[in-house]
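**Q** Start from chain W and add chains R and Z according to the hints.
Chains as they are written, first to last, in the working numbering: chain W, 1151 to 1296; chain R, -13 to 316; chain Z, 22 to 393.
Hints are computed from structural coordinates only; laboratory data are not their basis.
As the structure is a computational prediction, the values presented were derived from the model and not from experiment.
Here a beta-carbon is modelled for each residue, glycine too, at the ideal position from N, C-alpha and C.
Treat the hints with care, since some could be wrong.
Calculated lysine-lysine pairs in the BS3-like style (CA-CA distance at most 27 Å, straight line) [as the list claims (entries may be wrong)]:
hint, chain 1, residue 1, chain 2, residue 2
1, Z, LYS62, R, LYS289
2, W, LYS1163, R, LYS296
3, Z, LYS225, Z, LYS62
4, W, LYS1245, Z, LYS317
Some chain W residues flagged as far from chain R (calculated, every beta-carbon gap over 12 Å) [stated by the list, open to error]:
hint, residue
5, LEU1165
6, SER1174
7, LYS1178
8, PRO1190
9, PHE1196
10, GLY1226
A short, non-exhaustive set of chain R residues, derived as facing chain Z with CB atoms under 7 Å [to be verified]:
hint, residue
11, ILE23
12, THR27
13, PRO202
14, TYR282
15, PRO283
16, ARG284
17, THR285
18, LYS289
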Amino acid sequence: MSGYWEDVFGGAKSLVTGLAITGSEFFKPVVTKQYPWEVPTMVPRFRGHIELVRNEETGMPNCVCCGMCMRSCPSGCISLAGKKPEGSKKKVLTKYILDFTKCSLCGTCIESCNFNAIRFSRDYNLASTNKDDYIFDLLKRLEEQG
Amino acid sequence: MDTSIWRPILYLVGIMAFAGLNAAYLGWCERKGAGHIQRRTGPMEVGFHGLLQPIADGIKLMSKQLLVPQGVDGILFRVAPILAMIPAITSMVVIPFSGNIQARALELSVLLIFALASIGMFAILLGGWASGNKYAVISAARSVSQNIAYEIPMLITVITIVMMTGSMNLQEIALKQQGGFWHWNIFPLVDGKSILMPVSFIIFFICSVAETNRAPFDMAEAESELIAGFMTEYGSMGFGLFMMGEYLNIVVGACLTTILFLGGWDCPFGLFSGVWWFLIKIYILIFTFIWIRWTYPRTQIYKLLNLSWKILIPFSLVNLLVAAAFIKVF
Amino acid sequence: MTVPIACRPDETFVLNLGPQHPATHGVLRVKLTMDGEYIVKAEPVLGYIHRMHEKMAEAGNFAQFMPNTARMDYLHALAFNHGYALTVERAAGIEVPERAEYIRVITVELNRIASHLLWWAAFVLDLGGFTPLLYAFDDREIILDLLERVTGSRLTYCYFRFGGVYNDIDDEFIEGTLAFIKRLRSRMPRIYHDLVTHNIILRKRLEGIGIITPEQCRKYGATGPVLRGSGVSYDIRKNEPYSVYPEFDFEIPVYHECDSMARYMVRMDEMEQSMRIIEQALERLPEGPVKAKVPKILKPPAGDYYAAVETARGSFGCRLVCDGGKAPYRLKLRSPTFSNLSLFGEVAEGMLLADALGFMGSLDLVIPEIDR
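Next up, chain W with everything else stripped away, as it sits in the complex:
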């Protein structure tokens, strides 16, 4: 019986305190960002899909077609090919395809590259209704980046 009165008055007090808290939160400013109108900038280390790095002096990608990234990927999403041009000892990259439907953004490929040839991009606007849009041709992307 003694618990009865504590319940009624203590309970009523806790309910009023709760109302006071939500009431005061009602008058505070909103914390949401209105997305399409206010776009956030991604942090430098943001993990978008990978992209090729261009060598500043020669203008060609840094990649030497060693295939370490292809072998170290847990999901097998990278496929690349290179060709030795006439009179040169080093291979030149001819094809670099990333199958983004399987990529888990783990970063093992970037870590295994000794030549600084790939890095994370900051692309996140990747919605599409077609699965083929997610097979990225990274060489073409590098050319389009100028």
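**A** Just chains R and Z, lined up with the frame of chain W:
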């Protein structure tokens, strides 16, 4: 009795417009209110700050297929949503919005409103049972026991007020409270009112929240447990009518609370009384309904019934006795 | 509240708390045999999200399994990263530099706070309170932003490597973390405790519900807050210490009431203790490398290795059987939620349906972790 043909037509149109606008835009108020309590904006895209959202929702609901599942009781399934709306709109006939704005002043207005409220509860039971869905039946059964339990303290509190006023006519109850907030029924000790009147107000308010199946008493539509309770099998306008019926019940509950306890259309200092004070008061009460919904978790069914039978009924009976004692003595 | 069943056995009906349900967090199916509102028998049916992680470990080399660890319990992914990295480091005998150990502890404890915040939000949501979800997520977004600045991901972190972590933390992270701790400490008493913990409706729903005795815990192998809410003081960080935890001064919250409220309070107190650990770690953060030199293709010596870490849900154990090759011969992952969930069948008998859902919420289930 007024024999002009325009009076009933005007009131009919007015009440339907008031009811329709409220049912639609209370949904908007709720979403905006919930949004700001939760530190986010509510609807913003459709129209300026989402003002056209209820219209968009209405068009969406009407364009969906009215699905009647196999195995339901055909007539009851279709009748239940309509039965949910009827009591609320009909109750507005006797509510006095101001001194001279009232559709029909009946001597037994209070009794009429509570009789109609029971039909509203009946609609939930029909909706749940006719759906033929296990979840819906469970929820309808819970809702009936909840409604019965909470009608009792509500009626006892109303009897207290009727006893003090001496009439069941809502117009007279409101007229007796004119002249300033110390005459209002919520304020104790003036005009021979009992000292426990604020307690009566709180009991009546809690019971209206429970009667309209709003959180924290929304066992009937407990979202995370029984999906949508008795409304599970309803789509399109069937669902729309249940939701509109719920909002209109809230409006009627707020109107009743204002007239019985807060002086109807009276200004707090007795200066410029009129229908605008009535509207301000009911919207403050409706905001409190919304505020309460988004603050508390749901109660358990047996704790809910506990609250009514073990706490609210004894308190309201004590109020009744104390009010009677004050009337006798002063 | 348990009551004996009053009706005949053939008057019961079977209700499927199906794989698709708002309150079971993930694809969990529970077959409930019900008598009216009371549960007669509860049988969890698992396997709807079995993705064969343990087999995937055998198909690639050791480093390629790291992203998988984050996908199992996505809410405390860094602890699962830690458990796997610890096992392989014990197998191959790799020494982790001190700065890396401190960074590991800081990020794991931040992730633990984020996991408990999400548990709190979802738990109160199941009970019908919609607003605390948004308040908790306000704080959780700050943690996610801090960790995104360091690791690049927000939920499924692949940040730990054998011998350390992937990249270093900077001063902005340290300041941001200290500011966050100050903010959470100021919000805790008001928004977390006044609004929810002391609320009479919530207390009436949680007190006395879902009593789990210590003997039942021992029988089913329950660990984590479930065990500590039943009065047994067992935490891997104190009882089988690993990494640099012995250097920090923190307590293990233990409550003896064995009900849902006790488990709730254990997790709230754990958040405070995590904040203490982070503060101490940030103060003592040493300079140095963040990753040891490790061969590209790891070949640990043949043998049987085990390591366990304390995650937000319990003790995550990782057993590695190596045969000297590039890939594990067998990797067995011991999921804490699996043992916690097996209590459900026994404890839920005789409960009301809504109480059973509250009880399930207090166990803090993450189904992908059970099914791996």
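**Q** Each hint: holds or not?
**A** Against the structure, the hints come out as follows:
no.: 1; hint: LYS62/Z to LYS289/R; in the structure: holds (24 Å)
no.: 2; hint: LYS1163/W to LYS296/R; in the structure: holds (19 Å)
no.: 3; hint: LYS225/Z to LYS62/Z; in the structure: holds (24 Å)
no.: 4; hint: LYS1245/W to LYS317/Z; in the structure: holds (26 Å)
no.: 5; hint: LEU1165; in the structure: violated (7 Å)
no.: 6; hint: SER1174; in the structure: violated (10 Å)
no.: 7; hint: LYS1178; in the structure: violated (6 Å)
no.: 8; hint: PRO1190; in the structure: holds (16 Å)
no.: 9; hint: PHE1196; in the structure: holds (24 Å)
no.: 10; hint: GLY1226; in the structure: holds (41 Å)
no.: 11; hint: ILE23; in the structure: holds (6 Å)
no.: 12; hint: THR27; in the structure: violated (12 Å)
no.: 13; hint: PRO202; in the structure: holds (6 Å)
no.: 14; hint: TYR282; in the structure: holds (5 Å)
no.: 15; hint: PRO283; in the structure: holds (4 Å)
no.: 16; hint: ARG284; in the structure: holds (3 Å)
no.: 17; hint: THR285; in the structure: holds (5 Å)
no.: 18; hint: LYS289; in the structure: holds (5 Å)
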